[in-house]
Structures are given as structure tokens and as C-alpha cells.
Amino acid sequence: MSTLQERRTLLDLTAGLLNNDGAQERARPDTLWLNLLAANAIPLVATFALVWLATISLVFVSYFVPLNLVSLAYMLPVVVAATQWGLGLGVVAAVAGAAAADFFFYPPLYSLVIRDPQNVVDLILFLLVALVASNLAARLKSEVVVSNRREAEIKELHAFSQGLATCLNSRDLIFAVQDYLSNALRHRAVLIAKVQEDLGGDETDGVPAQVRREAVKLIDTNALRASAVTDPRSRKTWLVRVILPDILGYGAIAVELGDALGEGTETAAQHIETLLDEATLTLKHLKVKEAIEQATINYRTEILRDALVGGVSHELRSPLTSILGSCSVLNQMPAIANDGQAKSLVEAVADQAGQLDNEIRDLLNATRITAKGVHPQLTWTDPTDIVSGALKQKERRLASHWVTLDVARDVPLVHVDSILVEQALGQLLENAAKYSPIGSEIKISSRCDGDHVVLSVQDQGSGLTPDEKQHLGKRSFRSDRHALGVCGSGLGLWIASTFIAANGGSLCAESAGPNLGTTMSLRLPVVLADTPELADALND
Amino acid sequence: MTKVLVIDDEAQIRRFLRAGFELHGFTVLEAETAAAGLKAATMTPVDLIILDLNLPDLEGSEVLERIRSWSNVPVIVLSIHADEHEKVRLLKLGADDYVVKPFGISELLARGDAALRRHLRSTNRDPVVRAGPLSIDLVSRMVTLSGKRVQLTRKEYALLHGLAAHAGLVVTHQQLIREIWGGHAGNIQYLRILVRKLRQKVEVDPTRPAMIVSESGVGYRLDQGAAANTVGGEFRTARMTHNVR
Numbered sequence: 004m005s006t007l008q009e010r011r012t013l014l015d016l017t018a019g020l021l022n023n024d025g026a027q028e029r030a031r032p033d034t035l036w037l038n039l040l041a042a043n044a045i046p047l048v049a050t051f052a053l054v055w056l057a058t059i060s061l062v063f064v065s066y067f068v069p070l071n072l073v074s075l076a077y078m079l080p081v082v083v084a085a086t087q088w089g090l091g092l093g094v095v096a097a098v099a100g101a102a103a104a105d106f107f108f109y110p111p112l113y114s115l116v117i118r119d120p121q122n123v124v125d126l127i128l129f130l131l132v133a134l135v136a137s138n139l140a141a142r143l144k145s146e147v148v149v150s151n152r153r154e155a156e157i158k159e160l161h162a163f164s165q166g167l168a169t170c171l172n173s174r175d176l177i178f179a180v181q182d183y184l185s186n187a188l189r190h191r192a193v194l195i196a197k198v199q200e201d202l203g204g205d206e207t208d209g210v211p212a213q214v215r216r217e218a219v220k221l222i223d224t225n226a227l228r229a230s231a232v233t234d235p236r237s238r239k240t241w242l243v244r245v246i247l248p249d250i251l252g253y254g255a256i257a258v259e260l261g262d263a264l265g266e267g268t269e270t271a272a273q274h275i276e277t278l279l280d281e282a283t284l285t286l287k288h289l290k291v292k293e294a295i296e297q298a299t300i301n302y303r304t305e306i307l308r309d310a311l312v313g314g315v316s317h318e319l320r321s322p323l324t325s326i327l328g329s330c331s332v333l334n335q336m337p338a339i340a341n342d343g344q345a346k347s348l349v350e351a352v353a354d355q356a357g358q359l360d361n362e363i364r365d366l367l368n369a370t371r372i373t374a375k376g377v378h379p380q381l382t383w384t385d386p387t388d389i390v391s392g393a394l395k396q397k398e399r400r401l402a403s404h405w406v407t408l409d410v411a412r413d414v415p416l417v418h419v420d421s422i423l424v425e426q427a428l429g430q431l432l433e434n435a436a437k438y439s440p441i442g443s444e445i446k447i448s449s450r451c452d453g454d455h456v457v458l459s460v461q462d463q464g465s466g467l468t469p470d471e472k473q474h475l476g477k478r479s480f481r482s483d484r485h486a487l488g489v490c491g492s493g494l495g496l497w498i499a500s501t502f503i504a505a506n507g508g509s510l511c512a513e514s515a516g517p518n519l520g521t522t523m524s525l526r527l528p529v530v531l532a533d534t535p536e537l538a539d540a541l542n543d
Numbered sequence: 695m696t697k698v699l700v701i702d703d704e705a706q707i708r709r710f711l712r713a714g715f716e717l718h719g720f721t722v723l724e725a726e727t728a729a730a731g732l733k734a735a736t737m738t739p740v741d742l743i744i745l746d747l748n749l750p751d752l753e754g755s756e757v758l759e760r761i762r763s764w765s766n767v768p769v770i771v772l773s774i775h776a777d778e779h780e781k782v783r784l785l786k787l788g789a790d791d792y793v794v795k796p797f798g799i800s801e802l803l804a805r806g807d808a809a810l811r812r813h814l815r816s817t818n819r820d821p822v823v824r825a826g827p828l829s830i831d832l833v834s835r836m837v838t839l840s841g842k843r844v845q846l847t848r849k850e851y852a853l854l855h856g857l858a859a860h861a862g863l864v865v866t867h868q869q870l871i872r873e874i875w876g877g878h879a880g881n882i883q884y885l886r887i888l889v890r891k892l893r894q895k896v897e898v899d900p901t902r903p904a905m906i907v908s909e910s911g912v913g914y915r916l917d918q919g920a921a922a923n924t925v926g927g928e929f930r931t932a933r934m935t936h937n938v939r
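Which chain is which? The protein sequence lines are A and H, in order. If you're matching positions, the first sequence starts at 4 in our numbering and goes up one per residue. If you're matching positions, the second sequence starts at 695 in our numbering and goes up one per residue.
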């Protein structure tokens, strides 16, 4: 959110600067000649100064050496003026140079009359060469300007397309487009959707209500012409125009022209419209519309998924809480406790409800992993506590199996997210109970193997075929052998291996073959933990 | 008779809680909203409050804070969040313990019992805490296991004392670290090692701890024998054997 606000502020600032520029432009006199003169005053003075400088230098040199090719020296101001300020001032420099040469250097001196025909030819030649040279220089100059502008445009477009590529959702994309249009138009531009929720329900873009209403009206009537609206409160004029659906599929654009302009509004509006046509054409080429549509779809999918996850979590687990809780009370009631048949029925209900709860948890976990990934919070954990926690979690599931523990006393602490690892180990226990006969042994062991702590669950169950072993841990994988007999979603082991991988560990399966049992192991990395501080901290 | 106030907006959950508590001799008051719950708690003196966190009119944690502003009545929180940070936050706000939905009535009763006992101890000043074969005299600082005296280092005793003062209830890692090392000197790694050392002295089988029980991501709990027998064991008890190398 903060980046959007920053962007907003930046946009506002830019808009403010641009508006100030506009105000200066408008302050100038309207008459064309005066306008032209005002715009060229400094270059004109500079051109005359150059000619003056050339004359002074020549006068100075002529005291020491007789000068022959005076006119050549006046080429310098001509070339400089033409390259710097264009053809017009090049011509001015040529004429001024010719006049100065005649006045100061061609006899009779200090008069515009020329006595020697040779000097007349000289001067005419100078003027011809100067005009051609200034024309060439000016053309070169304008080509440089054009190519510079093109380079700047390409850079801007490149930055824009890169900006588009980093946008994650339609909201960001729309802000990027707004930024681009604001730059291209040199005025603040805001995109207005017909339905505001498409933008994520933003009402803080600073567009006056009246402008927004006009935009919606234009969208509704599909009007092709632009419309200028002056906001009575801020006295700012906005230009509103519908954007054709094949360009953005978006609605309308409002361009802030600045303070109420009076007669100048129309010219400014026309200018902006021309620029807008160019800019929207660029957007069309860049397929911005498609990008925004895709991003909007993604945004809605995400909202739906979140709603579904939240809904499933509450709506399904809440009745399960009642069912499991009620079963636990029923089980303690003397009437049920003393009636074997009733008791076993209550137990069946509780078992099934517990199973359902487990499946829902898997579903929620899987959705969360897909949507957000796993972000483990690593802390020092005793593997003994992980084993105890997982056993407690699956106590009921393991009730009809023979559980044995083979725990090494010297297993080092591990630096993991204990909750994730506990859930993963719980899943291995769940699978062992699910795929091995009632009454068979399930052996849990923990040991240190080099720089890894290994937690294993060994069962006497249905084992693994080579094919099953290869696909184990893939999302939604279920073996054909168990498709009918044992219920499950195939998510459990995938979740477990994802959780373990996020903790820097790995999950592996061993089996001598079908019906020969399975050993599933979690390998967790050991980080060197013994420090002198540790010994100090434990001493009294 | 012990009076328990159940604040939960779901009628089905209130119904089984009433049945469960009444079966064990409690008198039950029910409240459907936070407002009704707070009113009931101020009007009638209750011994225990069961508070659901998802109430329609007010955040559960807000209700907890309001209760704690004038009363230290034991409060057990019912939470659907498996979010450990949330649990730690609630414990910090003054909840005596939490139970994550779905749960069995025995688990809730065990937590409730522990909270009531702690509350009673603070008023009766009974110095001896028992957990299975372990007995801790909080005044004379004497610890015995099946009648035999256990020698503990000062830090081991501080850890055991921290747990025993809240016997049956979860104590957060941070709280224990603060009590043992004070200030910022301790960390969870030290605590884990210290727990391991203490378990070797007081647990019958340190690789399958029955008394000093870890609550993943939250803290530790001194599980008292009576409670341990009922927690999670209302249907069947797993047959377990141990084979320690």
C-alpha cells in the first residue's frame, strides 16, 4: 500500500510541477510576433554578440597585419548560430556579418558603399556560402534533436514496459499506465473505471466527483468526443475522454489541465487529444489491455481462493468441533460407557469425524502452500519433543497398533520450525497406521547420522512397488493398489515433504517390496550448536 | 459447587460443554455474545471462564483484556487458530491456557482443573505441587521423586519452579527464559538444553517425557499425573513400549 501512496504522491508532485510550467506558458503575450521575439530574444542577442566579437577580433588583428579574407572570419558566427538556434538566426548572423565586413573593412571604411567590384563579388560569395552552410548546420541540428527525442522516447517506453513486467496485479498495472500517460501528456492523467471495484475500490485518486460523474456518463453513452469539466471547488479543468475498449478495455481517462483556462482550454484540449491518440496507440501495441485483463482475473481468483479457504476452515471445522466434543462427552456418560455396542458406535463416529478433520487440515495446508508457500520459523528444537508431539497428535490413529520407540539419547538439537516438522512426522505416522494391518508394529526411531538427525517410522504394512516409490510425495499421488480400499486425498505426503524441504531437510522412503513394510525417514540438518556461551549459560 | 461461564456464540458447542461440565459436577452459565459474557461475569461470581475467540460482537482477546482489568478468575481460551503467535499473545494477555478446536471434553476439563488448582493455591498458599511421582515444595525448594530427594542445579530448579507454579498449565518459552536467566541473557537453545538436563533427573524415561511436556511453538507444561491420564485418552489408550538405547 505504501508504495502505491508514494507513487501517488510522486504523481501529484509531478502534476504540480507540470501545472506550474503550464501557468508560465499561459502568462506569455498572445501576439505571434511578440511571442516569437520573446522566445528568441536571448539567441538573437547572442547572435549579434558573436558577430560583434568577430568584428572586434578582426579590428584588433588588422592593427598588426593587413587582412585579406575578412569575410571568412564571419563564417564562424553563422555556423555557431545556425547549429545552436536554427536556420533563422544563421541567416541573421550571415546578414549582420556581411554588413559588418562592408562597414569596417571594405573601402570606403565606415560606410555601406563598396568601391571595388572585387569586394562586391567577395561579399556576395560570402553570403551564398553562409546561407548554404547555415542551412546544412540547422538541418543537422534538427536531426540531432529528433534523434535525441526518439532515444528519450525509446528509453521511456523501455522503462514503461519493464515497469509493466514487474506489476503483480491489475492495480499496479493501472498505476503504471497512469504514470506513463501522465509523462506522455505532461499533465496528470487518471484512469477511471466504470465499476470502481475493478481497481480494488479506490476512491482516493483525487479526481473530483463531478469529473468522475462526467466520465461515467461518457462511458455509458459511449461518446467519442472529449469533454472538458471544471471542478467548481478546486477551479481546475479536467479533460475527460472514453478510451476505446480495444485499447485498454477500461473506461475513461481524465487529464487534469490545471486552473480554469477560459479561451485557451480548447487549444490545450486539442493538443492533449493528439498526444493521447499517440500514447493510446502505444498501449495498444504493448497489449496492455490483455495484461490488465489477465491480472484482474488473477486478482479475483485469489480473492475467491482466500474466501474458500477461510470458509472451509470455519464452516466445516466448527460442526466437527461439536461432533468430536459431543462424542467425548457421550463416551463418559454412564449409559454409554456401560453399553459396549453404544460405546463402539460413538467411537466410530469420533474416528470418522477425526479422519474428516484430518482431511480438511490437509486441504487447507495444500491451499496455503500453493497460495503463499511455506515460511518456516526456525528455532532450536529437541527432536524428542518433535517425536512426542507427533505421537500425541496421532494418539487415537495409532491406538490399534503396537507402537515402539527406539530413541538415541544423544541426538543433538535441530534448528527447524518445530510445528511443521511435527506435522510432517505426524503424517508419516498417519500413513503407517493407514497402510499396515491392525495390531502390527510401528517403530519410531531417532538417531544421528553424520551431520543429519534422522527420524524414521517403520511399519509392517503394504510396502511400496518401485513405481509407487518413484511417485511418492508427488501432489495428489495415490497408488492404484489402495484406490478402493483406503481413503485419502494423496496430499498428506506431498505436504510433509514440502514442510521438510522448507526446513532444509529431505524425506525418503525405503521398502523391500509390496507387503514387506515401509520405512519413511525425515532427515534434518544439524547446525553446530555448542558454544562457550552455552556452557556458561547453563552453569549456576 | 464450581461455577463455569461458557462464552461461545455456537449453540452446539455450548450444548456439549454444558453436558460435559455438568457430568463432572460443575454448574454452567452460558453467554452467546461478548457483551452478555462480560455482563454475566460481573453479575455472578464465577470460578472459571471458557472463552471462545470468535465472537460476533467483540474480539475474544479484547474480552480477555476486559476481564483481566478487574478479575484474575481462571480463563481458558477456545481457539480455532493453529497460530502459535496468537496462542503466545493470548497467554501474555492473561489467559491461563488454551484449547485448540476440535477438542475432547477431558482435555478442556484437565486445563480447567489445572487453572482452578493454581487459582486455589494462590489463595490457599499450598506450597507443595505434585506431578505423578514428582513432588516440589515451592517454599523449602525440596524436590523428591517417588520419595527420594533429587539434587538440582539452581537453574534446573528455577525451570522446575517456573513450571510448578503453573502446574498443569502451559508456560511460554519467553516466560521461562525470563524467570531463569532474567533480562536478555537467555535464549531458546539454552532452555532446550536445560529442559533436557532436568528431564534426565526427574523423568522416568527422558526420551518419552511424561511430566515436562512440550507445547510446540509455545512453551512447556508440567503435566500432573491425574490430568495426564485423561488428556486425549477418552477413547482408547495407545499401547506403547519403550526401547531406549
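Hints were generated in silico from the structure; no laboratory data involved. Treat the hints with care, since some could be wrong.
[Said to hold, decoys possible] Calculated cross-link-like contacts (lysine-lysine; reagent style DSS-like; alpha-carbon spacing at most 30 Å):
{"id": "1", "chain 1": "A", "residue 1": "Lys375", "chain 2": "H", "residue 2": "Lys786"}
{"id": "2", "chain 1": "H", "residue 1": "Lys891", "chain 2": "A", "residue 2": "Lys395"}
{"id": "3", "chain 1": "A", "residue 1": "Lys220", "chain 2": "H", "residue 2": "Lys895"}
{"id": "4", "chain 1": "H", "residue 1": "Lys733", "chain 2": "A", "residue 2": "Lys395"}
{"id": "5", "chain 1": "A", "residue 1": "Lys477", "chain 2": "A", "residue 2": "Lys446"}
{"id": "6", "chain 1": "A", "residue 1": "Lys220", "chain 2": "A", "residue 2": "Lys158"}
{"id": "7", "chain 1": "H", "residue 1": "Lys891", "chain 2": "A", "residue 2": "Lys220"}
{"id": "8", "chain 1": "A", "residue 1": "Lys446", "chain 2": "A", "residue 2": "Lys375"}
{"id": "9", "chain 1": "H", "residue 1": "Lys842", "chain 2": "A", "residue 2": "Lys446"}
{"id": "10", "chain 1": "A", "residue 1": "Lys395", "chain 2": "A", "residue 2": "Lys477"}
{"id": "11", "chain 1": "A", "residue 1": "Lys446", "chain 2": "A", "residue 2": "Lys472"}
{"id": "12", "chain 1": "H", "residue 1": "Lys895", "chain 2": "A", "residue 2": "Lys446"}
[What the hints assert, rightly or not] Okay, the calculated beta carbon distance ranges per label pair:
{"id": "13", "chain 1": "H", "residue 1": "His878", "chain 2": "A", "residue 2": "Val377", "range": "26 to 32 Å"}
{"id": "14", "chain 1": "H", "residue 1": "Trp764", "chain 2": "A", "residue 2": "Arg412", "range": "46 to 52 Å"}
{"id": "15", "chain 1": "A", "residue 1": "Arg303", "chain 2": "H", "residue 2": "Ser763", "range": "40 to 46 Å"}
Built from N, CA and C at the ideal position, the CB exists for glycine as well.
Cross-check of the supplied hints:
About 28 Å separates the Cα atoms of A/Lys375 and H/Lys786, which keeps this hinted pair within 30 Å; it holds. Of the supplied pair hints, the one linking H/Lys891 and A/Lys395 holds, its CA atoms being roughly 22 Å apart against a limit of 30 Å. Between the alpha carbons of A/Lys220 and H/Lys895 the distance comes to roughly 81 Å, so the proposed pair goes past 30 Å and is violated. A C-alpha spacing of about 38 Å is found between H/Lys733 and A/Lys395, which places the hinted pair above 30 Å, so the restraint is violated.
For a cut-off of 30 Å, the pair hint linking A/Lys477 to A/Lys446 stands: about 25 Å separates their Cα positions. Taking the CA atoms of A/Lys220 and A/Lys158, the gap is near 36 Å; set against the 30 Å cutoff, the hint is violated. Among the hinted pairs, H/Lys891 with A/Lys220 is inconsistent with the structure: their alpha-carbon atoms are about 77 Å apart, more than 30 Å. Proximity of A/Lys446 to A/Lys375 is assessed by CA-CA distance (about 34 Å); at most 30 Å being required, the pair is judged violated.
At most 30 Å may separate the alpha-carbon atoms for a hinted pair to count; H/Lys842 and A/Lys446 exceed this at roughly 33 Å. About 27 Å separates the Cα atoms of A/Lys395 and A/Lys477, which keeps this hinted pair within 30 Å; it holds. The straight-line distance between the Cα atoms of A/Lys446 and A/Lys472 is roughly 20 Å, inside the 30 Å bound, and the hint therefore holds. Of the pairs offered as hints, the one joining H/Lys895 and A/Lys446 holds, with about 26 Å between alpha carbons and a cut-off of 30 Å not exceeded.
Restraint check, H/His878 to A/Val377: a C-beta distance of roughly 30 Å satisfies the suggested window 26 to 32 Å. A beta carbon spacing of about 49 Å between H/Trp764 and A/Arg412 agrees with the range 46 to 52 Å that was offered as a hint. Between A/Arg303 and H/Ser763 the CB atoms are about 44 Å apart, so this pair conforms to the stated range of 40 to 46 Å.
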